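Heads up: the protein sequence lines correspond to chains A and B, in order.
Residues in the first sequence are numbered consecutively from 36, following the numbering used here.
Residues in the second sequence are numbered consecutively from 43, following the numbering used here.
The hints are simulated quantities; they were obtained by calculation from the structure and are not laboratory data.
These numbers were taken from a predicted model, which means no experiment stands behind them.
Each statement offered as a hint is correct.
Just a sample of chain B residues kept apart from chain A, beta carbon distances all over 10 angstroms, derived:
1. 202
2. 214
3. 372
4. 416
5. 427
6. 468
7. 503
When the alpha-carbon atoms are kept at most 30 angstroms apart in a straight line, the in silico DSS-like pairs for lysine-lysine are as follows:
8. B:438 with B:421
9. A:275 with A:299
10. A:206 with B:494
11. A:327 with A:299
12. B:524 with B:327
13. B:121 with A:76
14. A:299 with B:438
15. B:327 with A:299
16. A:206 with A:373
17. A:156 with A:237
18. A:299 with B:494
19. B:494 with B:524
20. A:275 with B:438
21. A:214 with B:494
22. B:121 with B:183
23. A:236 with A:206
24. A:327 with B:438
Some chain A residues well away from chain B (every beta-carbon gap over 10 angstroms; in silico):
25. 42
26. 82
27. 85
28. 122
29. 125
30. 155
31. 180
32. 237
33. 238
34. 262
35. 269
36. 305
37. 327
38. 373
Cβ coordinates follow ideal geometry from the N, Cα and C atoms, glycine included.
Residues per chain are reported as follows:
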Amino acid sequence: MPLRDITLDDIESLAVGAWILGTGGGGSPYLGLLNMRVLYKEGYRVRLMPASELADDDWVAAVSAMGAPLVLQERLTDSRTIARAVELIERHTGCRFGGIMALEIGGGNSLQPLMAAAHLKLPVIDADMMGRAYPEAQMTSAAVGDLKPCPLATVDVRGLESIVEKVPTWKWMERISRKICVEYGSIASTCKAPRTGAEVKKWGIHGTTTKAIAIGHAVREAQRRHDDPVAAILSVEPGKILFRGKVVDVERRATEGFLRGRAKLDGAEDDRGSMLEIAFQNEWIVAWRNGKPIAMSPDLICVLDSVAGEAVGTETIRYGQRVTVVALPPPPVFLSEKGLQHVGPRAFGYDLDFRSVFAA
Amino acid sequence: MRRIGIDVGGTNTDAVLIDEGKVIRAVKAPTSQDVTTGILDSLRGLAATGVLKGRQIDAVMIGTTHFVNAVIQRRNLTKVAALRLGMPAAASLPPFCDWPEDLAAVVRGGIWMVEGGHEYDGRPFMPLDEAAVIKAAAEMKAAGLKSVGISAIFSPLDPSHERRAAELVAEVLPGANITCSCDLGRIGLLERENAGLLNAALADLARDTIAAFEQAMGESGIAAPLFITQNDGTVAEARQARRLPVYSFASGATNSMRGAAYLSGLQDAMVVDVGGTTTDVGQLKHGFPREANSVVEVGGVRTLFRMPDLWTFGLGGGSHVELDPVKVGPISVGYRLLTEGLAFGGRQLTATDIAIAAGMLVLGDKSQVEHLDAATCQKVLLEAARMADEAIDRMKTEAGDVLLIAVGGGAFLIPERLPGVSRVIHVEHGDCANAVGAAIAQVSGECDQIFKDLPRVEALSAAQAIANDRAVAAGAARATLKTIESEDMPLAYLPGNSVRVRVRVVGDVAAN
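Could you put together the complete structure from these sequences and hints?
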């Protein structure tokens, strides 16, 4: 089997690249990175397997942490907890997993499958179900593919365990699991419904771990050589620069458990004299240039520190930062009519017809 | 008010006397190995001018880089017992897990993790395991540890577990130096714990350094309360600074900016502080430096200190100058300027030599730099101005022209006109701005907390009351308190209306 060893340097790059693919949300990968440094020091190793190598009847565990990034800042992350969520689903359903994949490659959740895989001695499958970060459970390729949403396992570090056995839709899964998560203290480690190899091959978004590593590697190399990190990202990803400028206003409000708001940018260099406004719901969703929409979900809108090239999050963006806004192409699964129903601008309350930055 | 401000820098110890809002005299003395001698020399320098006669001195405020240097150079640090209350969470990320190994090897005396801590909404995460705390304390005692850093999950919201654990440890280890992470503020367990551990590691050095300050004061015959300046431009009474030395980590740059505000009379402006080797650019808001929002690393350790948001680059009076092509810095002769600079008989062309050749400075032996023609000098000065301009533009937070105050010993490198700057202000005593900043420091209090289901206005006023009480506890006069920062941040994914509020207030030092 063409399994590839993931080196610690790959993981350092993954943390940088996943934060960029987080499109402003997804939480910082720092705690997952720290855990992986500790695990690698103790001799644990993780291998990466392309989704195409899965047999149709293999079982794959899709994992993520759900909840408030702020709670993570205090409870931190214990690498064993996510492995326990996988074991709970195995005990409950009787299936034996052949690999572990990320639900969400953007942000901190990119590292969750690596922690589980290290403890369970399973390969990480090179795929996820978002290709970025999104705020809700129905905003996945699995939901677009109408795959079964249940059962879902949630565990917390104190040993609390619950299974959501049956729900009719992904929306219901979001509602019920969110309630459980809140009772746990607004953080839960989850293993989603087991996926077959056939399902992952058809509906998974392939190669995203490799992609995040490549983006992170490009940024880190550029930083080391004092080159332009944004140019380095565009050398490995077919993205487009939307805007360069300075943050001049940030407005935030919490509604229905989400961080919503807008950031306003004043143009610099070629964009001097223009304004860019970006709305967010945890992640960057729609960007308007001088009042005209120019980029929207599912295109990835990435706000980057103009000097370091690292991602700037919706929770941390602040007045005065020099940023470059880049669009990266979306996973094709979200471009269908059904895909756009799940993650297009209207799914976030913007009455806009999706038009991709990358449309000819 | 008659106050003396002292800045104990790496090279010089500066002292200034301020009386009724005016700088009466400023003096410089070389910093000494034992600290005491340098301070005494600078105080004697002041006394020799006769300005200390007459009315008594109301306060002496000292700023120092001693503590941060100890961490950066890994010396004079105490071994620390780390006690974390939060099991079973994060057992895989124990205290010291993200420290550079060489620093951890010096500071790490042992790690104990027991059950305890809280949730964001005030529920206990786990009940505090008191028996385990007592057992840990006995093991610390057996290991000969006398300095302890205690941290607990969400202790900024509910400090009761940390406080109780501190009591229990103190019963087993009477006289131990105990740092509770809740005294160091902010949300973020790892960073707050790191700050607590650094603080505990500085316990012995803080005791000795502040004793040296007090000894210098005693020998100088000045009977006035002693204050130590902190990272945020305020002061703490000496006994509080002895307890929380990490708060006095980076006061040098802050003092310069505060001094610049004072000497210029401006509350909102950019400040450029040109030293011998590097230049700091920062922004004053309401007379205080704007703080960095993100994680600040000290000696390779992540912390969430209140630190000014500065951009530092390699330009200073001692910067090496190359002429073809023109290059200024980042290498500098530093404190060896007076032996290595051309105008002082040395062999290295420096920025100061250029200023002497251009007739901007009267210093050293001008004949040594006469070969530098006006056009050459102009090119070098333009390059220095370009470097400053780039840094200033980077730190600007609003479009449009700004006021710029230039201070520090190398302030002559900042020209009278810069693009994007409406006016460049050079001030008298600007070369001692840091000691002036120390002399005028105020006392602050801060609250950074999550409030649930409170209207925004009530959450802000609750935070304000806490910040006020903390400022008064730190030595401020309540009547003089004013709010200088107030921000609220709604929290995603948390139920109800959870909002994180941060308020900071400052006031004048209360009269004894």
